[in-house]
Structures are given as structure tokens and as C-alpha cells.
Amino acid sequence: MRDQERWGLVALGLLATAGGVVLAIREFEPTTPGSDPGTLVSLVGVGGLAAAAWLVYDRSRSRRDPVPWSNAGPIVRSDPEDAPRRYPLSGSRLAGILVDARAAARDRREVEDGLAVVRPLLRTAYCEAAVAGGQDRSAATEALDAGTWTDDRVAASVLSPHVDPPTRSLRRRFRDWLYPGRAVTRRTVRAVSAVATAGDAAIAPVIGSDAPRRAETYEPSLAVRDVGGDGRVRDLTGGREPDDGGRVEGDRRGGRRGAAAGREGAQ
Amino acid sequence: MTGRLRRWEAGVAATVILAVAGLLNRSGVLLLAAVIPLAYVAYGSATSVTVPDGLRATRRVDETPTPPGRPVTVTLEVRNEGPRPLSDVRVIDGVPDALTVVDGTPRAGAAIDVGESTTIEYVVVPRRGEYDFDPPRVRVRGAAAGSVADATVAADGEDRLVCRLDARAPPLADRGAEYVGTLTADDAGRGVEFHSTREYRTGDPASQIDWRHYAKRGELTTVSYARQVAAVVVLVIDARGPCRVVAGPGWPTAVELSAYAATEALTDLLASGHEVAVAVLGLDGPGPVGLHWLPPGSGAEQRSLALDLCRTAIDAEPGTVDATDQVHRLVELAPPGAQLALFTAALDDVPVEAVRAWSAVDHPLVVCSPDVVSDNTAGGQLAGLRRRTRLARCQSLGARTVDWRRGTPLALVLERAFAAEARLATGGARGTTRGGRP
Amino acid sequence: MAIAGPRLDRPSAVGDEGRPRAASLTVAAIVVVVLAVLALVALGRLSTLTLLGLSVTLLVAGMALLTRDGFGEQVVGHLLYHPGAVLAVGLSVVALEGTVGLLVAGLFLALLGVAGAWSNVFVADDLRDVTVAGALSYGATLAWIVVGVLVLWLATGTWRVAAGLATGSDPVDSLFGFLGFLALAGLLVRSAIWALPIAALTPRSKRQARRARLRTYSRLGTGVAVAAVGLSAIAYALVGTGTIHTVAATSPSVRALLLALSSPVALVPVVAVCALGAVATAAGLLATQVADHVDAGNDRLLASALAGCCFAVVLVSYLSELLVGLLVYVPILLGLVLLAPMVVVTVSAVALVAMEEGVVPTRAGGPALAAVGLFAAGIGAVLADLPAVLAFAFVAGAVVVWDVSTFGLGVTVELGHRPETRRLELSHAVLSVAVGVIAVVAVTGLDQLRRSLGSAVGGWTAVGLAALGAIVLAVAVARGEA
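Line order of the protein sequences matches chains X, B and D.
For the first sequence, the numbering used here begins at 37 and goes up steadily by one.
For the second sequence, the numbering used here begins at 11 and goes up steadily by one.
For the third sequence, the numbering used here begins at 889 and goes up steadily by one.
Read the hints as simulated data drawn from the structure, not as lab findings.
A portion of the hints provided could be inaccurate.
[As the list claims (entries may be wrong)] Facing chain B, from chain D, some residues (calculated, C-beta under 8 Å):
| no. | residue |
| --- | --- |
| 1 | V1037 |
| 2 | A1284 |
| 3 | L1312 |
| 4 | S1315 |
| 5 | L1319 |
Note that the Cβ used here is the ideal one computed from N, Cα and C, for glycine as well.
All chains should be built: construct the whole structure from the sequences, respecting the hints.
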């Protein structure tokens, strides 16, 4: 039916209903029925029953149309911003090693055990950089063992079993005992940063490393690099809109867990 | 497609409950209150909406064809050229499935007045291929949001994003006499690049007189220019498995970026008159040890063969043959005195060993390395350090190494890589390397 | 972007994807709060708002924290959720008695719905977590109470034995008692050293030395225990032969010595060492268990256990205080405090089932609750004899909240959470509220009209007219909704 017809019918119906109601209930006294609990109970009961009946009836219809507030559903069925992931990400070797390191640390609740798993990779990286910069390999190894390659004692203790980390407060020690895996991750991230700084200082600069970047640079955000430095899945946005109207089994959990992991790994 | 929303059924239910409650309680207020949800239902269902014909969409892709790895901005403008203003328009651009949006969003919702428009802008990073945009989908709502109309609006402007290796390298015939990246000889003669000055001798062409010097001193001197010498350059693309990694999902792999750099380089070199050969490491190709090899040549046909080989490098599956054998085979195949240019991501030690093997045989070496490592994670920092270490090692082995980071224009990188080196006309001496800061 | 909102509302913290956009939610929240304040002011009970607000805040904040993953966050979640739930149950029990019961209950539901929509807790996954956590901590509370009673029984038993020894006069008993306690002390010292993670907590440089010293102490403890056991074996043999009795009877100094063994001076330190050793062993075992669970990701279980312990402590101390005096109220309070969590768990389980079956639309749980709450408050306002305009405002408010929230949900579903849509939502919200205001004004006018009319038209004709009008309207709407 056309718009005007509908408008007319609606107005008429509204007027008739309102007028009839007004005239009909003129006779009702404004009552104070609150003192009668029976009425209240029956009221609630009837209302609840009616609502439940309607909702159950509605549910059978809603199975066809899962999103109740939008008749035709979402305009797009899936996230247009995303694309299928075909190739592995770069720089994910450390993440795999960290998973093993954390498991090793949890075995005997010793952070040292976990660091021993990560140590060879970091030592190799530093030694390679030192040798490429002209140092003697044995001198570099000695510097690693003695911890003189950096000012950061925590990093030095990660790369050498002979260097003790600085004394931490009892609270920190308790936390490391409770969560040895996280302690391994924290110290490894710190050690990697120190190794990168020291290594970059050692090697001769290559043309282009600090060339001007004239074009707009878009770094892949942490959200999309799904194997972060701590090896955990970190899809921080989790922004996929499901088309079943809300039954999101894993996404949002991934979002929040991911957020925790993101804060965790960034320490 | 138009439709009405079913959420007003809750309003009808509310009316019923209130009416029942009012009747049960003999309460006039409740019965009157039942009119309110009814009014909402009426208001919501009274308006209808259709997608007006006056919606026009225009899409602009800021560069197509585009080389891989270069962020492309897509702008979609939706204009209301119809008779009435639209209070609620939601637009979603049809981004191709294979493209990732790295910045901005292809969705927007706004109210568009008559004659006004709303703009969507987002950035994608394409890999090699052709991508067709679907027409944008539009959903219009009435004033009460009680009715919905969907439509697909055909977009004027571009609906295809083409990403090709030779997007910035037009065919040979179109190029002028650019001398970017030419190799020059050590002795003076005709050319373009300044080499030296000497005293004027009778018979020197007037175009080579240094007039500024004459204006200052009153003496006639002749400028000699560096003489271009045609040389053989072998472009080697590292297409092994470890190089097939990306910086982020949807971004191009290191192999793709290497192939793109090789394409630009070969176009420049061919235009300057050099002979170019192409080799691909890491695949199972024809010939012994699986090395893909295109013998040196020049001209348009060589260019198209070389382009095909670059494309093969990207598309083929990594092979099972040991790359070391392929490196040694390449030493046998490369003409003496040819310059070897290696395009590799330097994510493991094989390229360094290759450079070592080639430097032992006295070829001038160039290493150009695209950066696919992100340093916003610890793993990325470590991988980045190891990569820079390998590049420094290549440099100390005598190769001219250039680190191509994201955001640095490739032309700059190639210019540095193939820039003028002193070189004897007879060949044999390797180019000097510069280890200092640029 | 939120116009105004609670601190929990950060997209990274809450997850913007699943709930209505912030602008719509803000409007809905404002509507609910304004109506609540108006109603309570009209009732003259504005202070109820603080109670309602407290309960809702505790509940929702607790639920939001219970769905997080960190151990500390979950413990705090438990500590907020249960008191809030108990408070809510108590409020509803109290409220349902009076005339304002339905109104207050409706306001509570409305506030709960809005707060839940903001922090996105009315989602099937999260409700499941909350229900499980609630049940777990309830079970943990009961378990801890049982454990506490056991420990108390053991301790008092030991104390009585020790006290009996100290005051007793039999030298043989005294000897055996002392030796028994000594052996126990030695064993407990050894077990404490074994259970406590002392070496793990010392700095690495001093660890070797510390370990050596601990080994020494441990051996000492074992040695003492063995010696005590050996001595008691000898003594038992001597008793068998009757030697000790005769010696004790004849030699007063030996008897005095034996009695002195169980005097407070000798016994108290030994018993103290036993107690400390037991406590240390228990603490060490507990800590290790906790640590094992914690790093393996069983935070939920652990947090429930810890929260249950806290609640058990609070309950026991609270109840013991009560038991001193008001014996009459104890059953009621006990029932409330012990049964209320069960009620809450049941309610959330029912809600979870309703959501999973699709009776309640999953993402619209919060707005639905808010709308139902306002609706019930409207009916309750009439029952509580408040001015009619307030009842109309409540009903209109319910519809406005539902309309605005579902619009916001539609925006999220269709456009994601990145585009800027505040103007869109606000223009729709303004329109919605305007229609609501107009409807309220019109209906209030009608109400005034009806009160002032005389009996001009018969009752049944008017009812018939009203029914006809409603049918016409329904037809118009149904046809349009094709």
C-alpha cells in the first residue's frame, strides 16, 4: 500500500484507539491497587508468561533472520578490512624458542633453565655482529662471558651464566618464582633490545640503513603480527563481525586475552 | 531491497502487556500508557524509504598500475544528487578479498544533504596481481530508522587495481636517454658525467668547452666526460624458501620485492645499453642443479624474457636443490668481468656464502636487500640485527651493499647500488666499496 | 568515542565490537539515570539510589573483572561480585514486600542493564565464566569453612593434650608426652624446610650458602626426631620392665626432672616449634600448589579458591560475632549470606541458558534488561501511586532506550568500530527522545482529560471503538511490515 494510505490508516487507528481508551476508562477511578499483592503477582505472572510465549514464538522465526535489529542482516558478511594469510611472518624464530624456554622454566620453577634455552641464539647474534664489525671472536665471547658488552646487567645475565643479575627485591623474586615463564619472557625481551643496540653499534653501517624515507611508511601493527615476541596469539582487535547475530565463541576472548598478552609482551 | 525492522514487535508486546495490566488492575494510567509503545510502532512503520537514484559514487585509486609493496590510497566519494536529503547512509566499499587494509577503513556512515558528499579513504598494500573492486554497497535508513533499503551503487572511476612488477618501468621504446645507474669507464671521452678538464686543443668540439672557466680566467679548457662502457650485469634473485616471508599479513613477500627491484634494475640497465642476464636461486628450474638462467642479451625481447623469469621467481614453489650448488654453477655461467647483482632478503647465511664464493672469482658485486622485518617485536629486532650483520659481512667481502628499507624510494636505492664506479676499460678491477655513511 | 562513561570503557580493555556504540549508550544511560532520580525524588527516597547504585556497580564491575584473565583481576572480581550479588538479593527480598517493590526492582534492572551494556558483560561467553566462577567460589567457601573447622579441631585437641601434660602429675606420661612433641617438632621442621621455597627466593649469589645451611637444619631436625623416637623406644622398654616407675617412685630428683619435662617452660617452646612447623609446611605446600596452577593458566580455579578463603574468613568472623549476641537473627542472616550466592548463580545460569537458546538476543542483553527494567518500573510507579506523568515517562523511556541501543548495535554490526559515527547516532537519538517526549506530553494531556470528563459516553461503546482502532492500527502496521 502506498505511503499516504498507510499514514492515513495509522493516524485513524491511533486516534480511534486513543479516543476509545480515553472514553472507556473515564469510568475507572484512579485506584491505588498496590495494597493488593495478589494483583501484583498475577500481573507479573501474566506479563511474564505473555512475554515468554512471544519470545519463544519469536525465536522460531528469528532462526531465519539471526540479527533481530536489522531486517536484512549486516551489509557485508565478513570483515572487508582483512585478507587471508598465506605466508609466514618474518622474525618469528624467537617466538618459537621462547615457547620452549617457558616450558623449560616451568619444569623446575627455575628461570635459569628457561634462559639457557634462549641463550645460544642471542649469543650467536651478538658474536656474529661483533665479528662482522672487526672484533676477534674469542674477544667477543670473553666480553659476553664477563658481561662487559653492555651496561645492562639483566641483559648480561641472560647471555652469560656467569654473570649474576642485579639483586631484586623479595617481591620481585616471589613474582619470578610464581611466574617463571613470564620472567623468562621479560628478561629475554630486554636482552634482545640490548643485543640489538650493541650489535648495531659494532657493525659498520650499510648504505640505506638510515636513508631518508620519503614515502609514507605503514608498519604492520602488532595486532596483525599474530606471533609476537612472546609466542602468544595476540589478535588485539578481534574485530570480526559474526553473521550469526552474536555467537562469537573465541573471538572476543581472543581479544581480551590478546590484549593482556600484548601488554605482557611489550614489557 | 527494502524491508522493515522487526524490532518493533517488542513494542507491540509492550502494548499488550500494559493493556492487560491496566485491565487487571483497573488502572487508567496503565491503559493510557499502552498508547506510548503503540505510538512508537506507528511512527516507526509510517515512514518508508527507497534508495534514491541520485546517489553517485566515484572511486579513485591513486596509482594503478602499481609496483608491489607500495601503499595505495583508495578514495570513494558518495554524492547525493537526488531531490531529498538522506539522513542515514551507510557505505561499504567492495574491497577485493585478497587485499588488506592497513590504514583507514572502507566503511562509513553519515547523513548526506542534497548536493553534499561523504568520502571514504583507506590504504591497501598490494601484492602482484590484478584486483577487481566490487561495487560499493549502500544502506539507507528512513528518519525513524524503521525501514531499511539496501542497494549496490555502481562506482564511476577506477574499479581495478593492477599490481605489476614493471609498473614503473615502461617498455624500452618509451625511455629517453636516461643514464641512471650506468657503469662508467676510467678513461675520459664523450659522455655525460663530468670526469676531468684539460687544456683546449684545436679541434675539440665547442660543446665541451668549459665556458665558466673561460669567463673567470680567460683560458680555454675542455671538459672531458666519463665514457660509458657497455657491460654485462647478472641479476640474481634469491627465491628460496626462507625468503618467502612477509612483514605483515597481506604484504608482499621478500621474493616479490626482490623481483620488483630486479625488474626496475634490468629496465634501467637495458635502457643504458648494458647487457643483462638473469638468474634465480632456489627454484627447481631447467638445466643442471635447477638454476634458472637467462643468458646475457639486450633489447626488448631480452627484457620480456627477463620479466617472465622474474614472475616465475615469485610464482613457483621453492625447490629442493641445494642453493650452494646453484651459486657455484652461476660462477661458471657468468661471463668474466660481469657484475653480479644479488637481490635477497638476507634472512639466513646463504647469501653471504654466495657473495664470498663470487668475490673469490673476482666479479664486481652488488647486494640489494629489501627489508621485510618489523622491529616492533623482540623477534623482529633480533632478526633485524642478524640481517644487518649479514649485510655488513657482505659489504666487508667487497660487495656494494644497499639496505632497501620500507619507505625508501627504489630509484634512490638502485642509484646507490649501480652508481658510478671507477673501472678500467679492460675490466678486471673490482669496484671500490664505500663503507662509510651515505 | 564516549561522551561520558566509566573507566572500564576502553576499546582495548572491553572490546568495542560487541556492544552498541558509545554515543547511543550514553544517551540510554542518561535516560535511565534521569528517570531513576526523578522517580526516587518523587518517592522521597533518594538515598535508595545509592544502595541501588552500589549494588549494580559491585555486580557489574565484579562480572567484568571475572571475565578477565589475570589472577589478581579475578580475585578482585570475586570480592566485588559476591557482595554485590548478596546485596542485590537482599534488596529484592526487602523491596518486594512494600508497595514500591516493583518500582525499585525495575530501577535496579534498568541500571544493571545499562551498566552491563557499557562493560559488555551480558554476552553468553562471559555469563558462562561468571556463573562458573560464582559456583566455584561458593563451593570454595564451603570447603574452606570445613577445612577451617577441622584445623580448629586439631589445634584445640593438641592444645588440650599439651595443657593436660603441663598440669598432669604422672612422670611417665610427662616423659612420653615431651618426647612425642619433640619428635613431632623435628619432623615438622624438616617438612617445613622441604615445603617452603626458601632457596628459590634468595638471590642467586647467596643461594649455595643458603642451601647448605638449610640442609644442615634439615638434618638437625631429622636427628632430633630420630633421637626422640629412639629415646621413647628405650623408655617404652623400660616401662615394660617397670624400671621407670620404680626409679620415679624412689628418687624424687628423677621424678622432678621427668615432671619438669612437661612443665610450661620446657613444653611451650617445643609446642611452638611444632605449630610453626605445621603452619610453615602448610603454607609452603599451598604456595607451591598455587604457583603450579598459576603459571599453567588455571587462574580461574585459583582465584575462586582464594576468594572462597576470604569469604570463609569473613563469614566465620562475622557469624561468630553475631553468635555472641543476636541468636535470633542468625538463621536469617546465615540463610541470606550462604544461600544468596546460590540464588545468584542460579539466576545467572538461567540467563545464560536463555541467551544460548536465543530467547534473549545475545548482544542486546544489556539494552533488553534496561528496557524491561524501565517498563517494570513504569508499572511499579503506577502501583506506588506516583504521578501519572512519571509512569508515562518510564514507559516512553523504556522504548527510547531499546530503540537507541538497537540502533547503536546496528551501527556496530554494519560499520565496525573504526568509522566516526557520533553524529549519526546522536541525530537518531535526538529524534527518538523527541518522539518520546511528545508522546508523554500527549498522553499526560489525555490523562488529565479523562479525569475531568463527565459521564458523557457509555463505557462499552468506547471500548468497542478502542478495539476497532487498535485493529485498524495493527492491520496498517502488519501490512507495512510485509
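Structure-based check of each hint:
{"no.": "1", "hint": "V1037", "verdict": "violated (50 Å)"}
{"no.": "2", "hint": "A1284", "verdict": "holds (5 Å)"}
{"no.": "3", "hint": "L1312", "verdict": "holds (5 Å)"}
{"no.": "4", "hint": "S1315", "verdict": "holds (6 Å)"}
{"no.": "5", "hint": "L1319", "verdict": "holds (7 Å)"}
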